[in-house]
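*Asks:* Here are the chains, one letter per residue:
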Amino acid sequence: MFFFKKGLKVSITVKVKLFATFREITGGQRIVVVKLPRKATIKNLIEELSKLFGQEIKDITLDPKTGNLKSFNNFLVNGHNIKLLQELRTRLDNGDTVAFFPPVGGG
Amino acid sequence: MYGWIGEILRVDLTSGKVSIEELKFAKKFIGGRGLGVKILYDELEPKIDPLSTENKLIFATGPVTGTRAPTSGRYCVVSKSPLTGTIFDSHSGGFWGPELKFAGYDGIIIEGRMKKPVYIWIADKQVEIRDASDIWGLDTHKTTEKLVKETDPKAKVACIGPAGERQVLISAIINDKHRAAGRGGLGAVMGYKRLKAIVVRGTGKVDIANEEEFDEIYDESMVVIRKHPITDKSLPTLGTAVLVNIVNEYGMYPTRNFQEGVFEDAEGVSGEKITETILVGRRACYACPIGCGRITKTSKKEGEGPEYETLWAFSAQCGVNNLEAVTHANYLCNELGLDTISTGNTIGCAMEMSQKGFLKEKIEFGDAEKLVELVEKIAFKEGVGKELSEGSKRFAEKHGCPELAMQVKGLELPAYDPRGAQGHALAYATSNRGGCHLRAYLIGPELLGTPALVDRTKPEGKADLVRNFQNLFSVIESMILCVFSSFALSPYHYAKFMTAVTGLEYTGKDLMTIGERIWNLERLFNIREGFGRSDDSLPPRFLKTPLPEGGSRERTVFLEKMLEEYYSLRGWDDRGIPLKSKLEELGLSR
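As they're listed, the protein sequences go chains W and Y. Sequence positions in the first sequence follow the working numbering and run 7 to 113. Sequence positions in the second sequence follow the working numbering and run 85 to 674.
In short, the hints are calculated from the structure, not lab data. We treat Cβ as the ideally placed atom computed from N, Cα and C, and that holds for glycine. Certain hints may be false.
[Unchecked claim] Okay, the calculated beta carbon distance ranges per label pair: (1) Y/Lys385 <-> W/Glu62: 36 to 44 Å; (2) Y/Glu644 <-> W/Lys57: 45 to 53 Å; (3) Y/Gly614 <-> W/Gly73: 56 to 64 Å; (4) W/Lys45 <-> Y/Leu653: 37 to 45 Å; (5) Y/Lys385 <-> W/Lys71: 44 to 52 Å; (6) W/Arg97 <-> Y/Phe109: 53 to 61 Å.
Here chain Y stands alone, though its shape is the one from the complex (with noise of 0.2 Å):
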């Protein structure tokens, strides 16, 4: 094969059994996400319990994964999600995908539970499952190197922290020590397996089909990467957090647990205030000529991010406006293996619980060294950090106060208010995975004018580029890009490297439509977990509190008129389920 390497690891954690398969269903669902989610809705029973040895832990990289286009340094983790009960796949960036190709695996499939913590060491063809009860409550960082110096110089490292040993539902598995499968609380399925980590070194290839076909789609990639400016300029210079400023100019900052739309101290916490102090270098992902990563330094301590969405999630969600506290919160996350837009936005959820009298415990907005702590506590789960270790879902509805928590299908929303950008608000609410930006990214022609601005005020018409969003992305996340790079590509470049590196022929529109089988047997998946219409919804905060101020001022969202278009766009009943011909022509049919 081409692109692919054709081979998959399966580990039984309970029997201590490795095998290798044959890769199957790459042609209909590429790689990543698309393979993660067949491979769980043909393996996995319904309804099964994601912190019980029923359910399956798969990493998986993409037919372009390891090879030299630009951004593919990422690899997935799929499953079905302690946190949100949905089918959840969790992407990270950095070293470790493409390390895992060169060992010779497009995935790994662990299944099962050891009896004492391990780890999985694979150096090429030779897989071993190794003791991990030394480094079994270290940190990312004293695990990643403990694990270098233990296996290879140049291994990299994928694992979990304190907070996944200790199944917090909103832990993150994190690699090359800064970079995050963050959401969904996978983290705490690896935790719930007693596995600490994997390490991988590989010394092969990626062998690509046409390497003329190749080298023509990367140059005029390239080319296109290096025109447009916000890969070429804003995102390498300034990082992802250059958003802060105007989101809050929009009105669309969330702040206080969503109760405002804009930050008065915004500045204090901007992307700008950053490059101005704690920045003192860039890092890029393997493959990636964008390079957005940033390495900060504090008083305390260097480390990297934070970035947009974390810089967020600790300060406007928390009403915090120390950046040293906020970064050191991030760092924390790093270090303990949790996931910062869900911690922050779980935390601003107790802050607003505290300040309308549902907590004893006062958890004040703005206190940082409080914050700081509660990251701590939630990792570790010590204290009140016990109950908000389950995230902001269980914990308001254990309160009494359901409606505080800004969630959709139980995972936090992150760093943009959806009262400001009706697209955006559909795409929150029919997210496969939950409250997330990234299944469709409708900021981007919302507020940013990319590839086009249309009017973030109005429901028409967004149906339509929420389906189409869901779609690409689902294809971007499959083969695997970073998404960044579709500031600056189409479907017309990622089906070129899809034929110059697989072989096979690849269209936009046969990508296209492999995003929408994708999205679809997710889809399905929810359903057979019991998800419906009515999950599909969002905070009642958003659809009948109007934003007190600023520039999306005196807004809410219009759902039910979008939800309705949305569902009959995508060949869906009026419960949200697919039709049987809309299946037949996606080839899901049984």
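This is chain W alone, in the form it adopts within the complex (with noise of 0.2 Å):
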């Protein structure tokens, strides 16, 4: 554990806003607050997620057989897809808000 180094802050905090089906698995809770270690990634959350709520998050979010995101599934840290950003192994900082969203569509 690397990161337990004297005087430095050892971990961050992301707000979680988990929307539409995923709010399934969370059993209705819309915000989860979720303490990383530093330089986590969105992977981290993912695995974060899943001791909390189960495996299921993984399953939605994750093509088993590539590891990437699965298509359609929207992720956004602080408002900018993390698509554009490194994908899952986007790093979050302390305050961060990620949101999750199931793929959605309308007009």
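Assembling the complex is the task here: the two chains are given apart, and the hints tell you how they should meet.
*Replies:* Following this line, the structure appears as structure tokens:
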């Protein structure tokens, strides 16, 4: 656990907002505040959420073959889609808001 | 003919003459929107008053209407809009469109004006113009019920409410009680003509050229629709209103007349909230495997909606967080025959004008009671509602603040702030019918990642995307299918349907060329009316004032750069006029 160094901030807190069918997994919970190690990524966040809410969140979001994000799922970090950032490797900062959307459409 | 019936009904209300004509231009313009535009371009004199006997109102179907092709239950109304002065086509789902095909017509051209209110009763080949004195004044629901009783229990009704009767410029045509050909004020054209309703009962069918080929492409399409998470899960279970939260998180949910891009109370008036609280059922249009329609119930009554756009128009746009009031405003629009987008947008505009001291009357953001009251006043042209009934552009101009009207070419903008998505901004600016999100739905690639995600903040490459979407949607709206089918289907599927249904060979490329032809003819119509480059613009707010907070904070639109590229890709000169060579290529030169 390299990040437990004396005098350094050991963890970050991110706010996760869950929408649409993701709420079925969380039992209706809309916002989850998650503590993560510094330099954590979206992938780490999904792992952490799966500890809280079970494997289903991984099944929905990750392609089992490639391990990448499944098509049409949109995860936004402070309003920016991670597909245009570093995808699952997108680094999170303390205080970030991450929004999880399953495939949605309309007009 | 296959697919097409081959016959168009022409009704001259001035003389009462009804005639049947052979369908022309079908191969080159398909039907629906394309057909309507072609007829109006040829038949209307330039610069006529849309609310005069010279304007015509076309109800059109397409070759796949009334077949089993998924989402083929639509029709459109085409006219010169009294709200925008542009060519205008307004679309609706439900069951009315297929019924007209079953009665044996591809479309109806309505001309002239009756001396007294009438409705048209079509029972297959029998067409009557009937007195409507006793239904004039009724809302769309009572009108529908009465006319079904008076004609045939299986008849389908498209009608106007009190708003259309009073020629409210943001009035709609409502069919099947809850479906609206909403945009562009075409209800006012019907009202001017004193045509209360068109009631149809058809017992025929649509002949398909190659049943085997049709079954093949039908099965193939259904697999794609069933496999796509948006058409198979998102739209059926959560409806269009599921977009509220994602657009809000992107910081593009227009709030308090587009002054902000994040609505603090979005959750309470979101698709998720509707599902939890007022949703009692779902409804699909004819031949639709998606079924995005919402049946809802408030403490007062049951109705349909609100859909995404309506939900926004009466909530974030007006700063209202009361779902019951928003839903009630929606029900009222359906009953009174108003376009929900333009109505909510115009009320939001009045609220900002009041906030900034341009109005004597106090109309405050967040006032749910006032919102519902204003919807009624607009429909009946009462009090301040009389001025509001002319839409935001005329209203804001009259009070000396045209910059506060969030519109393009006079049509009120819908529920996406263009500052957060450059391509969508270009789509708004170049739309042939004004401020509309469905001429080219760049929200797909820019926000939702369909078909693939592109960077919404960059203007590069957007002109080409907008052009392609515009051409494709022109085709979809001429066949006619619901544009929601395009989340799953592609030009390949559309071409296969066209070929199987009509027996004429179409490729995806052929269809895109037809789409381009339709787009250019609409452009020529508008140019003839005096529209030009300066009208391909956006309210100054979007070009100069950055969004204050949220996911699109500090963004504005880089319009000029994209517009130049767009004109060049379109084969238009720098005034936005199609070059002779382009018109020759598309078979549009005279």
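*Asks:* Decide, hint by hint, whether the structure agrees.
*Replies:* Here's how the hints hold up against the structure:
1. Y/Lys385 <-> W/Glu62: 36 to 44 Å: Taking Cβ atoms as reference, Y/Lys385 and W/Glu62 lie about 38 Å apart, which means the hint holds.
2. Y/Glu644 <-> W/Lys57: 45 to 53 Å: holds, 51 Å
3. Y/Gly614 <-> W/Gly73: 56 to 64 Å: Check passed, 58 Å falls within 56 to 64 Å.
4. W/Lys45 <-> Y/Leu653: 37 to 45 Å: holds, 44 Å
5. Y/Lys385 <-> W/Lys71: 44 to 52 Å: Distance hint for Y/Lys385, W/Lys71 holds at roughly 50 Å.
6. W/Arg97 <-> Y/Phe109: 53 to 61 Å: holds, 57 Å
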